[in-house]
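**Q** In order, the protein sequences belong to chains A, G, W and U. Positions 1 to 441 (the UniProt record's numbering) are the ones given, in order, by the first sequence. Positions 1 to 441 (the UniProt record's numbering) are the ones given, in order, by the second sequence. Positions 1 to 441 (the UniProt record's numbering) are the ones given, in order, by the third sequence. Positions 1 to 441 (the UniProt record's numbering) are the ones given, in order, by the fourth sequence.
Check the hints yourself; a few may be wrong.
As the list claims (entries may be wrong) - In silico contact screen, one side only, chain W against chain U (beta carbon under 10 Å); selected entries:
#, residue
1, G88
2, P125
3, N126
4, N127
5, F131
6, S152
7, E239
8, K241
9, I244
10, L283
11, P286
12, G288
13, A292
14, Y361
15, I363
As the list claims (entries may be wrong) - Once the Cα atoms are required to be at most 30 Å apart in a straight line, the calculated DSSO-like pairs of lysine-lysine come out as:
#, chain 1, residue 1, chain 2, residue 2
16, A, K421, U, K15
17, A, K65, U, K15
18, A, K218, U, K416
19, A, K15, U, K421
None of these hints come from the bench; they were simulated from the model. Quantities reported herein were computed from a predicted structural model and do not represent experimental measurements. The C-beta atom is built at its ideal place from N, Cα and C for all residues, glycine as well.
Protein chains: 4
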Amino acid sequence: MEELDFTVETLGECKIESPIPLKNNMDEAHASFVNDNERVLYDIIYHEGSKNNRDDYVEGNLMEKAGARRHIYFQPNHVHAGIITCGGLCPGLNDVIRAIVRSLWYEYGVRRITGIRYGYQGLDPNNNLPFKELNPTNVDDIHTKGGTILGSSRGGPSIETRVDTIERMNLNMLFVIGGDGTQHGALYIADEIKRRGLKISVVGVPKTIDNDISFIQKSFGVETAVAEAVNAVYSAHTEAKGAIDGIGLVKVMGRESGFIAAHTALASNDANFVLVPEVKFELDGPNGLLEALDKRLERSFHAVILVAEGAGQDLLEASNAKDESGNKKLADIGVFLAQKIVEHRKKKGLPANLKYIDPSYMIRAAAATPNDSLYCARLGTNAVHAAMAGKTKVLISMWNYHLVHVPIGTAISKRKVVDPKGPIWKDVLSTTRMPLSMTNN
Amino acid sequence: MEELDFTVETLGECKIESPIPLKNNMDEAHASFVNDNERVLYDIIYHEGSKNNRDDYVEGNLMEKAGARRHIYFQPNHVHAGIITCGGLCPGLNDVIRAIVRSLWYEYGVRRITGIRYGYQGLDPNNNLPFKELNPTNVDDIHTKGGTILGSSRGGPSIETRVDTIERMNLNMLFVIGGDGTQHGALYIADEIKRRGLKISVVGVPKTIDNDISFIQKSFGVETAVAEAVNAVYSAHTEAKGAIDGIGLVKVMGRESGFIAAHTALASNDANFVLVPEVKFELDGPNGLLEALDKRLERSFHAVILVAEGAGQDLLEASNAKDESGNKKLADIGVFLAQKIVEHRKKKGLPANLKYIDPSYMIRAAAATPNDSLYCARLGTNAVHAAMAGKTKVLISMWNYHLVHVPIGTAISKRKVVDPKGPIWKDVLSTTRMPLSMTNN
Amino acid sequence: MEELDFTVETLGECKIESPIPLKNNMDEAHASFVNDNERVLYDIIYHEGSKNNRDDYVEGNLMEKAGARRHIYFQPNHVHAGIITCGGLCPGLNDVIRAIVRSLWYEYGVRRITGIRYGYQGLDPNNNLPFKELNPTNVDDIHTKGGTILGSSRGGPSIETRVDTIERMNLNMLFVIGGDGTQHGALYIADEIKRRGLKISVVGVPKTIDNDISFIQKSFGVETAVAEAVNAVYSAHTEAKGAIDGIGLVKVMGRESGFIAAHTALASNDANFVLVPEVKFELDGPNGLLEALDKRLERSFHAVILVAEGAGQDLLEASNAKDESGNKKLADIGVFLAQKIVEHRKKKGLPANLKYIDPSYMIRAAAATPNDSLYCARLGTNAVHAAMAGKTKVLISMWNYHLVHVPIGTAISKRKVVDPKGPIWKDVLSTTRMPLSMTNN
Amino acid sequence: MEELDFTVETLGECKIESPIPLKNNMDEAHASFVNDNERVLYDIIYHEGSKNNRDDYVEGNLMEKAGARRHIYFQPNHVHAGIITCGGLCPGLNDVIRAIVRSLWYEYGVRRITGIRYGYQGLDPNNNLPFKELNPTNVDDIHTKGGTILGSSRGGPSIETRVDTIERMNLNMLFVIGGDGTQHGALYIADEIKRRGLKISVVGVPKTIDNDISFIQKSFGVETAVAEAVNAVYSAHTEAKGAIDGIGLVKVMGRESGFIAAHTALASNDANFVLVPEVKFELDGPNGLLEALDKRLERSFHAVILVAEGAGQDLLEASNAKDESGNKKLADIGVFLAQKIVEHRKKKGLPANLKYIDPSYMIRAAAATPNDSLYCARLGTNAVHAAMAGKTKVLISMWNYHLVHVPIGTAISKRKVVDPKGPIWKDVLSTTRMPLSMTNN
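Take the sequences, apply the hints, and build the full model.
**A** Structure, rendered in structure tokens:
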């Protein structure tokens, strides 16, 4: 079994009694505290009959359980908390902000909560972006709206400048809601904080609409994204059936992981071809997409193609540009495919009725579904518990149906992708009945 | 007052008793017949005190009221009816098909109803497209889905070929659901039918998601389209507010008329600039869009632009190509604007966070809202009444809240547009608070 | 033709130039003023060939056109406007409030706008209900929520007390959003205002989810209500089909008019029996509902019944109680029918799987659909135009697709009902294929 | 640690090669087979530092992993499969049916699939209910509709009669979609099958909108139910805020478990009191609900109460009647509370504006959300894998995020309830800020 480091860093000993029972008029039993020695097993598949595997279920296989601690590190009425949202929009951002604010305020009695505007850019004094004071009243119904009330951005000033600002603000805890690049930044910030000998918790809530951060079973917002993407595929299907040899082409998010495309295909049942970054495909040749598409149209008179934005990048002239968060800029596979298909069909003298739908911004800007909303609330609340207990450099994650702490460094060490030989992709193959491979050798 | 010709052509005298009371187990009172001499006034604005205007409310101002007639032209059990849907998808197509089938079947007892596949292309024997028999069972819940179960297309074979097929099918009535170009075609077909001395009703149900056919107060599907477009604008607004100087740009349908853009702006309240074909605008110069946008962003930090596809065509290098229905092919104003705005902002060293949303296919493919659905049902039912009474070359329309017959020739003689000095545009100006004019002289 | 009084009362001569062009940076052409002598014809059906009917299209047949006037009665910066919402909730209330506030503020520059809390109860000093100051900021996105931000109630203090409070508030105009009973109250208030020699406009926006106020083609909120009711019928249909001889029973609003039930039946197509106040029915006997239901179940194994709350009142022991607005309290026809049907089926030894759904509060509390929202905005804006021009005792209404002024006294003189021999009921009979009559003699 | 029996019964040795790679044009790697010795750990919380607990993570703690097996028990082209849905409607029933049919047909090549109508009643020859042949075409888009295309019922004929019918049908496998009582029935059927020496797999898909079957983390349909219930609470909140001291009361499902109420409260944030079967409450006395409600209204002027149908049963005169599935019939707590609250408020001379919403049938009849739909598809597919491998008396369940087999006998041995001292209820207490206890001693 792979050796993993799930050890969570803390700022120091927890000596302060949690105010939760008092603040919530609860006895201790109802406060439902989690003991610091409670762990959640990471790998829970057991091969009966294989030797020595009992010990494997302990060493390097234990994640720290999230939840409120009986004793905490910070004195609540000394706390000044900061919240920041970075990167692209994702359903549920406002839900997480709201849960953090409400948990700090009601469960712990914290009264100084500051929203930092437009991601890390808000920590750059040159940008002159005012902070936003947060309280239960001004976050009361923000969960009914998409987007983030704090604004977001990519990039930002130097790590030193960020920590300078954090220090000047007298923050004791920083909640960072963002993706892979953002959490990288959070880690550097936490390192710099440590170097300066400051006592500031940095707790991340992982946001990735692509669902590609490791050790997180399902990212918040993904479920809502799939629900929205299903609508787009439904439209593409309707358009495809409405025309002679109609082709609907839908592009969804997924730079390096095809989760949204795969889940959307399974939830909608209308996609006939699913193209993801994890599975190489070719356009031409007897096994290529174009030939497979022609065959499908000859048989069924319409077809729907669902493509993740990161699929088929080898087919495009690779662009070396990177965006401000350091993500590789991708050429647009949707537009590229649309052109290639139309050219191919016309060259063969066949109808070329292709309708291209790019619903990305409508997906990202959606308000969270109730189930997603509930999940975001739990992530936010548990981020607060972690920070109050002095945990730092840590993400809140759902794993094996339990909320756990994952060290940021471990989580961002590699990306999570769709396994082309795993059950999800097998279900996609079964459902779409698309060819197992669309390459020629 | 303008002299208009609202005279409806008929195939001959109506001598057959309507079977509606019998088929529906109704007495005549409940059958709610419309008398052939009932007219609906076209222009109903009266300027009190002006001379001689009483007579104006009669001459050339009377539209024929739609509805079931006590005596009809066709013997129901001799009838073979054809239904055809042409042009781009529009919410409600299936509702209209369903209503025509149910009315023919249940109200009149007609048992031969044929769906022609993929628009006028389905009348071309070379295309080898099978017909689809229609009955209440196979149209039972099609109204819950978008698109058209018959398929659609643009263009088609020669008028002679079309009528040859119609003749070979032994149709007595043809229901044509389509837009301006399609109804032109219907008129030529009806002329050719007449030339051959055939007795075939041609009745149109006007379909224009752009809402630009004259003498039709509101086309079916438009309301649904606006509801969907409101969602797109909401997403654009969320994206715009989520970024520094964020700009949301949404393109909606509207080749020559900006109704959808205008109504969407009024229903959503989130658009700050509305660009329509009827109102010229410039990009550059002190009064141009770019300068106005910069000012808006300086003041409010985000902006939403809603553009109809036909707006600003003079700004594009005009393409002379026409599509198969003869519509001028428009270069894409959305993509063009996105480029120009980003270039302009970058050149000025300002943030250029533009998110472009083109929801057109998701709008077109939506299922009709209940209110639209209800309207489609009434249009379809009344198209059947018209055809059974031997009316031909006629559209079913809503005017002054009443269903009426409009001669196809009259309806397609000119387009309906948004009056830049009328109340709708005034409301758009008031709501958006955009500049009255974005031209420089 | 019936002689109708459409004469609108005014407070005096309009001598003040409208500030609309100035405030909106418009020229006069764009301001789109309506001339006070513009009328909309009320009855626009013309029977060609009948004698002397040309004059009929003028006398007693002219409604005053709504819209902004070039000259107004009130000096905008002297105006203090009050807004009040009364009676049961209805989709669109917040939209109307929002439009009134925005039109007063932006189009006319009025800065004192007061929301009166909880209907006429808010005018009773004993209730000690604080007023709510309104401005474009605090009404900005209220249209995305159902209900009314002002609260509502039935009943209230004496007319004298109401006018005392209005006088004390120094209101110049009162916008009354409410139904029949509420507009009666508004009329009495306006009479008392006149008696006291005050110059206060009383302008009503008619609210009736039952759609039963006369001279109003379609009330705001009705379309949304039908859309919601369609969902309930869909659920009832699903439940009915899911059980042996399953029966779905849905009760919708409609005290004296069955519009919602009728429109819902037409939009959903799933109802098999529609029961409305306008059409008497019996339970027992060979033609009664119970026998008809048994037959339907024998034939189709499931049935859906849609009943308006005011239907079949003669079948209930009439309750003489009235609620605080003076409406007759109705015993619950839904619960009554459910009991009678189950008893009847059990007595005959037949399956009695009835599911009863009462979605009323979910319908009332819904946010307006975009189309309804747009309509509310137009009603609210035109109410402001009317008040600014010194019109009083007047409702804003849509008639023959045009916005008009209807004197409150005329509008409330009788109720609008579904005509059992008109086209809507005929369509309900055709669609449901229910018996023409379910009485025994 | 509690000793649990997770041993799954099988009909015999699996000797037949799975046709999945062949039928799906896959190699074995892509077929993603699960080995029969793969287990999923049941209890995965580990208390670090406690003695001897490593072994606990094996004995009695291993659930069988669900999934396709390389070798199967049944020869696919000999298989005749039956599908049955029992009990109340629940979102997702059609999705499960569809997935079973598609998996049988496409993955295994089974061609005889029979739907049994109206639950176990369909196995009673006296009921004369025709079977329904199922194939991918007639289940193609049933997942877009609520309810069950097979119909459902409670109760049914004797176990002997059921097995007689199953034998006469020559079924090899029976898929039973239903709740606790239904799975009890399935167990008796499987026992009788064994007694007769027949080789018929009985595989259950647990359906409980109350989410109260043990060893199932989240039942299908629950997420959709919560989403619908959130709407009802939203309406109640809107109504409550719209009236003086307005009270919204919503009843949701939950006979013995308050999961839906608790999750709805957490997802909606609008409920102020949540009443569940697991937490006793009193109406009267200083700590009772009525007093707490009065205080809330005095403070906030409106209140929303969310009650599970099984809450407060001790407050009702217990009815001893049971329904046909053997569930205790509950008196209606919603109606009871509504009466008591109104009486109490009137007696104290306080406003009594209570609006009662019972959305149960609208919740049950909803179509599954995309995420629920996806989950149902996975349950159905894995039920097929289990049956093809000869597993019997087994349920398909999600546990610790993995799909597993749970013996029916184990699953129905006790009910799952909301733990009043667990994290969900603590979150409800924190979110609603309701009193910890509403009893007086």
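**Q** Confirm or reject each hint.
**A** Do the hints match the structure? See the list:
Nearest Cβ of chain U to the Cβ of G88/W: about 9 Å, under the 10 Å cut. The hint holds. Annotation: interface hint on P125/W violated; nearest CB of chain U at approximately 15 Å, more than 10 Å. Against a cut-off of 10 Å between C-beta atoms, the interface hint on N126/W is violated, since the closest Cβ of chain U lies about 13 Å away. The beta carbon of N127/W comes within 8 Å of a beta carbon in chain U, closer than 10 Å, and the hint placing it at the interface holds.
Residue-level restraint check for F131/W is violated (minimum Cβ-Cβ distance to chain U is 15 Å; threshold 10 Å). Interface hint at S152/W: satisfied, since its Cβ lies 5 Å from the closest Cβ of chain U, which is below the 10 Å cut-off. The restraint placing E239/W at the interface with chain U holds, with a minimum CB-CB distance near 5 Å, inside the 10 Å limit. A cut of 10 Å between beta carbons decides the hint on K241/W: the least distance to chain U is about 6 Å, and the hint holds.
With its C-beta approaching chain U no nearer than about 5 Å, I244/W sits inside the 10 Å limit, and its interface hint holds. Because the closest C-beta pair between L283/W and chain U is about 23 Å apart, greater than 10 Å, the hint is violated. Interface restraint check: P286/W against chain U, minimum CB-CB distance 27 Å, threshold 10 Å, status violated. Contact between G288/W and chain U, as hinted, is not supported at the beta carbon level, the nearest pair being about 26 Å apart and thus beyond 10 Å.
For the restraint placing A292/W at the interface with chain U, the shortest Cβ-Cβ distance is roughly 23 Å, beyond the 10 Å limit, so the hint is violated. For the restraint placing Y361/W at the interface with chain U, the shortest Cβ-Cβ distance is roughly 5 Å, inside the 10 Å limit, so the hint holds. For I363/W, the suggested interface contact is upheld, since its CB lies about 9 Å from the closest CB of chain U, less than 10 Å. Restraint check for K421/A and K15/U: the C-alpha separation of about 24 Å stays at or below 30 Å, so the hint holds.
For the hint linking K65/A to K15/U, the alpha-carbon distance of about 43 Å lies beyond 30 Å, and the restraint is violated. For the suggested pair K218/A and K416/U, the alpha carbons sit about 25 Å apart, so the restraint of at most 30 Å is met. For the hint linking K15/A to K421/U, the alpha-carbon distance of about 24 Å falls within 30 Å, and the restraint holds.
When the structure is compared with the earlier hints, violations turn up for hints 2, 3, 5, 10, 11, 12, 13, 17 and for no others.
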